[in-house]
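Sequence lines, in order, name chains P and L.
The first sequence maps to residues 1 to 163 in our numbering.
The second sequence maps to residues 1001 to 1333 in our numbering.
Just to be clear, a hint being listed does not mean it is correct.
As the list claims (entries may be wrong) - Stretch-level coverage of chain L by chain P, calculated; a stretch enters the list once three of its residues show a Cβ under 8 Å from a Cβ in chain P:
no., segment
1, 1040–1050
2, 1230–1241
3, 1260–1274
What the hints assert, rightly or not - Listed next, the stretches of chain P that the computed footprint assigns to chain L, with coverage defined by at least 3 CB atoms under 8 Å from CB atoms of chain L:
no., segment
4, 40–52
5, 128–134
6, 138–152
Just so you know, these hints were derived from the structure itself, not from any lab.
All values derive from a computational prediction rather than experimental measurement.
All C-beta atoms, glycine included, are put in the ideal place defined by N, C-alpha and C.
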Amino acid sequence: MTKVAVEFTLNTREQNEFVETGSTLLSALRDRLGLYGTKAGCHQGTCGACTVIIDGEPHLSCLTLAERCRGKDVTTLEGLAPAGALHPLQQAFMDGFAAQCGFCTPGMILAAKCLLDRNPDPTRDEVVDAISGNICRCTGYEPIIAAILTAAQGLRKPARKRA
Amino acid sequence: MTRKRGRGMAAVNYPTGMNLGGDPSQALIHATTTGSFVVTLSSVDLGQGLKTVMAQICAETLGVPTDNIIIDTADTDTGPHCMGTFASRGTHRIGNAIIMAAKEARAVMLEVAAEELEVDSNDLTTDGAGTIHVKGSPQKSISIFNVALAAHFKHGKSISGRGIFLQPRSYPEPETGKMTPATCYAHACTVAEVEVDTETGEVAVLSLKSAYEVGRALNPRMVEQQIIGGAWMGISHALYETTEPYYPDRAHGPVDFNQYLMPGPGDLPEFANVVIERPAADGPFGAKGVGEMTANSPIPAIANAIFDAVGVRVDSLPITPEKVLRGIRALNA
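Using the sequences provided together with the hints, build the complete structure.
Right, dumping it as structure tokens:
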């Protein structure tokens, strides 16, 4: 199989990879780079577990060709906060019991981050809309919605704002 | 188009555990050199929170901080036996086994502390914050850390404990069929409000209000979370999920999440839950199982609410728009 060189930004660092043509970003992240924070769920774009942020927008990494990420800015769950620290969204998910089995959590958090980056003061309906591409089988969504609203509130306070 | 509202209720009595050839679970506890306590189990945490609640039970019984507890759900080849995390039995069965093991380990821990402090172990107590001290005299104390070190390197004692909980096999009485298949029963009642669209047959659940009697909520936030997650699953069973929707041919079955329907975050009703605590005599700190039952009462409550709204009694799940419309048509025929 042919391999092509792809240069892109991954979690603020320059990344150069040789990827197989036609292979997905999901496969590059998990199988080549060992970044297991991005979950492989349905492999066909219906569950949202593999959500990553590309140039500020949520994307399904299972439907995104790795070679199409050339020159793009990709953020995965691993890039949300420095090692050992938690992003306010992660903290709010933990404090609010918004994870049970945890499989949907990375996708939920990244979908929520895209929302909060463009809309720091979302309504409940806007939160619901932002995560409607992400399936959760455990929580009933209620604590996830609450955690995102709590994180939004915390992020709006300048004193607690993080990079 | 008319939208009709209805209200329905349903109650459930739910057994904790079940009776196979007897229902045992084991727990083994040992202290590390630095005063962590490893609880070895074959039980599994698949998101229900078993590790958290087992650590709470162990810490409470040993009298040490929860952070000192390591729950090791290692391997069914090498771990002590567990029947499994099913039948809402985890908290009750495994929790009871851990209490038994932790009591044995606590006795050794206090013996070692007694030798170090040169007092009688009956005069010692734990503060739950990492220290053992003489009752009424907190300054005469030793840390759990130093007790564990001394046990290993001075006294040659293993701070450890063995625990098992067995619900013995129950045979039915031949005359009556009466038996004791489970231990304590948890109870719940749900009131559902729905709105039925008589033109499309679609059902929207407006609210689910439930009361749960769970013995004791060892971790109230996690009990609340079980109830909401279970209620969501109940809505999903009642109205959405099926492997064979609409068509008799198996080939028309759903193959992905676009076709296998579940309620999304936009389909949530208003939830209101009340937890009632009546500690069970045989439960760990009074707890019963509150797992599977949380999906049970919402389903008949929704079915009853649909009957209340439009007079249609659907007796197979899921209650699809098609079944509701056929029912309405039959009523008007």
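Taking the hints in turn, this is what the structure says about them:
no. : hint      : verdict
1   : 1040–1050 : holds (count 4)
2   : 1230–1241 : holds (count 4)
3   : 1260–1274 : holds (count 6)
4   : 40–52     : holds (count 4)
5   : 128–134   : holds (count 4)
6   : 138–152   : holds (count 8)
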